[in-house]
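Student: Fit the two chains together into the complex; they arrive one by one in their own frames, and the hints show the way.
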Amino acid sequence: MSKKSRKLIRSGATSAPAEAQPTPTEETVEPARSFYFLPATEPLPVAEADLHQLMKLWRHGRATRTIGQVISDGYVALFSVLLVSAMIISTVINAQQGMTGCSTQACDTGRLLVPSAVALAGFALAVAVSRLFGPVLASAAEGSWLMEAPISRSRLLRGRLVIPLIAALVVPVLVTGLVAALSGMEWASVAAWAAAAGAGALAMVAFAANEQTHDRDTVLAVLQGVWTAAALAVGLVVISVAAGWLSASWITTATTVRPVVYALVVAGLALAVVMVVAALRRLDLIRRARLVSGGSLVAGMQGAMFALDFGLIRDILVERKAAAKGHVKPTFGRGTGLTALIWRDAQRLLRAPGVFIGLVMSLLVPYAADALRMSQLNPLLSGLALTAALVPFLGSLRVLTRTGGLARMMPFKTGELRGAAMVVPGAMAVLWALAATPAFIGIASTGADRSLTDGLSAAMITAAAGLFGAVRWVTAKKPDFGQPMMATASGALPPTLIFNLVRGFDMVALITAPLILGAPAYWSAGIAVVVFLLLRSPINMEDMQAEQEAARRELAAAKAGSKAGSPGAKTKIPPPKR
Amino acid sequence: MARKSVVLKVSGLTKAFGPVVIVDGFNLEVAAGEAVALTGRNGAGKSTVLRCLIGADRPDDGRIEVNGVAVSETNPLIRRDVATVIDDLDFFPDLSVVEHLDLLARAHGVPDPEAAVDAVLDEVQLVPQSGQLPGTLSSGQRRRLALATAFVRPRKLLVLDEPEQRLDTEGVAWLAERLIAERRQGLAIVMASHEPMLVEKVATRVVRLGERARVVEESGE
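Chains A and B are the protein sequences, given in the same order.
Numbered by the working numbering, the letters in the first sequence go through residues 1 to 578 in order.
Numbered by the working numbering, the letters in the second sequence go through residues 1001 to 1221 in order.
The shape of chain B in the complex, shown without the other chains (with noise of 0.2 Å):
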């Protein structure tokens, strides 16, 4: 059987603030339709690790590649390919919800954006807020329209850094079968979590960090 081609390699992946050294070390190789889940305790350097994954930090050493790219956060191609829904995204104060995902999806080239939208709002359970604006939405409601933006645009990598907060129980239970899916299709997936029900049903290989990120166990695949 032919060997899946690797989306994502990291290898000797370290990062520090200051005198604290967070990640040590770190190595992964994530083939396209492999789900890998980083688990661990507070602070075992699980999102240090993803954020240094889509370039948001850099990182003090180590090299992390996706398709053979070296990981730039400004770099188009690797914008173009890894999807991501981390803490950090910002929304447009006077685009409602719909406008959100309708402008991704355009920038991304989609086909048929309007189609798109409609199909994935739906999904999300979004439709009855397509029209409000984002300042409006309840935590949750903001969750899903980040993992909305991850699903509106073409990707090969998706990185969910604790996708599962502020979901209620069905949503996790959605975002499970929806993540499951996305393997399906041939895409590679790196997600931190806290769910147990999430990273059984979705993971393929399961990494659990301890101190400075570095693996405690590794199972799976």
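Excised from the complex, chain A in its bound form (with noise of 0.2 Å):
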């Protein structure tokens, strides 16, 4: 290196902004700083209830409304509440009314385990949700300004505990109350069933919240998974009734189990009594860094729900389960090329074999569908389940388009990557369609009733919609706010996010809407190729105007060259020196 650069290095580190020309290096003088140290005296006690006056203080003061204000201006907001609930309310009654008429053994069957399908369903939820957040979560703000001082956390967490214990009470109360309510149980079932699934999840959470005081998670898992196998064994045992599969001559009525019921009750409300208080005298016992993280990941998923960015809620919660995990066993891939990425895949689902359960689950759907006569709709719906249960095989394309990190070190073609990461899902959709043949055949006494070959040709079309659909999640783009902006009701918004709310469920409605409609299954099947060929080398509309650009300025600067240079063009000769 010559002595030249290595002054211009010296001069780089420490001179001051560059200028247009070449700037010496100046002898800077440092200006005389003072520093502040705290004064040597104790520090006066803390109260955790003037920190929290301190904090509403500062939020009131922010406030440019009163609450008078704000209730006069939404009152057309208020009667709209009022009235839509007034009308839900009235529709779910005379459903009630419409359907407590009948008693054929498959309403009795129905009105008896749909509600408990969903309550259970619901249980397993308010674990999962629990493990997921906290249930006891602090923002990173508390977690930094609050816990890093010498101050009592329960009082603090006192109140983050309260609000899930509402939630999990409120939630299921209100959806079993309105399942149950739909399947015509009377009025006093009705709230016994609600009552039940309230009490129940509220008892998951105060559980949770014990266990998380004692930093524990195995018993939480485990009873995830019991009430999920519970709620499906029950969600499969509606359908074989109805099917025609399973005699309903055991199953009694709903009235009959009401003490049963009521037991369920007293017991959840009990446990969550006793949890709760478990839980309140340990909360001064959970770790900083568990708080913090739910509340970061509530803070993460809000973020990306602003966006409506889906995806990115769902890499959030991967991200966080990769890393909880930490570590594998290593294993060395095959071949070269494409090969090596698709055989990569392939090692994954054995790394992750969960993802098999969401697969097998969605293959119910199609059964029900054919079960509970909808076999007209199966295509949509079991091309939504299965749209669901295929994201988690996508993870490979997710990462190779999310960013253009890793696909710009692939030495392949953008449609040669999308190809390749779709392999392996594909092959998954192919045994999908062909264990969900029967159900689109019409194996049900009340169900469909096609031709091998058109129930075979209506599976595969309802896979390819499935799949296409899980790619078209996984590879949408973001919404750009650098983009012009569209008026809405709701203000100025990028067209995209309003397209991220039925991104994927759209091509699983293209695809299907033929077989839907009648139309000879050859047509959903050339919508499936051309949907293909746009999700593999998607049309960039940017890239099309850039090359456009580029060919243009190449264009005008030929043109200029050639008419300097043509042999046309008028040269100047001087004129003859005499």
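Each statement offered as a hint is correct.
Okay, derived cross-link-like pairs now, BS3-like style, lysine-lysine, Cα gap no bigger than 25 Å in a straight line: (1) K1156(B) x K1201(B); (2) K478(A) x K413(A); (3) K478(A) x K321(A); (4) K1156(B) x K413(A); (5) K413(A) x K477(A); (6) K1201(B) x K1009(B); (7) K559(A) x K1009(B); (8) K413(A) x K1009(B); (9) K321(A) x K477(A).
Chain A residues, not near chain B, derived (Cβ > 12 Å throughout): (10) V46; (11) V84; (12) R155; (13) A191; (14) T218; (15) S240; (16) P259; (17) F505.
Some but not every residue of chain B turned toward chain A, in silico, with C-beta under 8 Å: (18) T1074; (19) F1092; (20) S1096; (21) E1099; (22) R1106; (23) A1107.
The set of hints was computed from the structure by calculation and includes no laboratory data.
Using N, Cα and C, we set each Cβ at its ideal position, and we do this for glycine too.
Tutor: Here you go:
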């Protein structure tokens, strides 16, 4: 390296901001600094209530409207909510009265089992959400500012425990109550089932909070699995009875089992009280990292929700799961080129066999649709279920498309990369189609009645719809707030934000529409082929515009060059010297 | 003496973000076996130039060629020849450190991928972390993994944006030795750096950028 280079490097490290001209190194005079140290006195005792009061004061200080003004401005919204609620309640009451008259065995079965399945699913969901977020959580700011202070954490965290407990009580009560009412139960039974669902979910969240104070998770994981399996089993029984595969003679009425439900309510509430008391006593012991982890997750998911970027929400959860796992037993791949990518995708499945549970569960949908006389809508419903089930199989495609970094490192065309990342999920979709074919042929006594060829083609098209729906879901671009906005009643929004709501589902609807409308299957197949080509090598309008612009510039440059050097160009000849 | 072949050729590169012009008519030629260091204050446009060089950002004007091929991020020839370490590198959350390198080596058709991966892993001192998932790596380890992804595959041009970031002192010394060896092997290198030692040791030419990435001073071969 030359002396000039060395001098340049040394001056670059210390010099002032560069100017348009080379700048010589200038000697800078450091300004005199003064430093502040705390006075050497004992700090005053801190009261949590004072801190809370201070924060409340800050928040109230930022308010720009009074509560009266807000209510006054929001009266239209308030009346709308009241009106819509009244309509919903009226509809539910009418439906309940209509269903109460049904006394067939199928109605009795549904009345008993469907609310039970919903309640069990609610328990599983309560445990899953509690495990994910805490259930007690604190924001990163609280973790940094309040948890560091010498104060009692339990007083700060009590409110954080109450919120999930209220949610666990209210949401299952409403949902199970609605389902129970729609199934045609008597109102007393509706109340009992709703209360049981609420009390059970409450107990689950309270138990999860207590486990959180002990920093344990194993029992919760087992409970989540048990409730999920129980909900699925009950759902299977409902389908089997409706399809006529299972005798319903052993099923009793909802009224008969009502005392058992009351007992469950009492047990659930008792467990909840005991667990809440136990958790409250130990709130001080929850590790800050665990509290803040749930808060950070909520913050991240809130941010993603504002952009309706569901893919990002899933990314956050996947990253979190991977970080919790931390370490795997490495395996070497096989093959070279694109084969290596496909082989690695296959190896991933062995590492995370849990994804197969979702795929197998999605197989229930076509059979349920057939059993419940919804054969016409079967492709759409099953396609949507398969879309959700195949998303976890497309992790590779997601990472390769969400940022350009990894794709840039691979020596392949974008279409080749995408195609390779679809091979393993595509194989799963084909297997799903083969397993679902009987449902599309019509195996239930009340279901569809198709030939083997028609059933197989319907299953294959549904599988393609599910696969391409999932591909679209994982590869869709996040909303670009730098692009021209669209005027809506809610203000200016990027167009892609609206489409994000239906991404993935749009492909399923598009491909299965001809099947649902009774058109020949080749229409759906044709649409599926076009969708595949577009998803494999998407049209990028920005790229096309940039290429067009570059071509225009080159053409202009070429024209200018040819004009200057062409034989026809006029050349000035200097006059001869005399 | 025969002139070395030009690997990277940039002419009239211009890039603006809205009304703010970041790079204005930047020109550069880098031959095989040459290492060019871009220096300059924060915001001078070093990273923007590098992002345009690899096709991550689309220039508003100008032409960039690698071995005579116009740069496009999606062109497989460019992807084959240009190894990059910039900040937008993503990782598969469920693949371990060694599996990332193995996948990359195999994707590029490296003849003995396991041996290549072992050697590079040993060199970047990530052998103890070989089974770890990327989410659990420290920022320095992630940087080492990013550098390893560039060294485990065939390449003709190496584009590095502040490669010394988050590396410890020994790591920077190792990186300098490695880049010198790369250069001697005939590789073309373009890097932006704030580390005087790295620039002094590795660069055969230093290009100091001022405002709008205009070349304030150029020194070296």
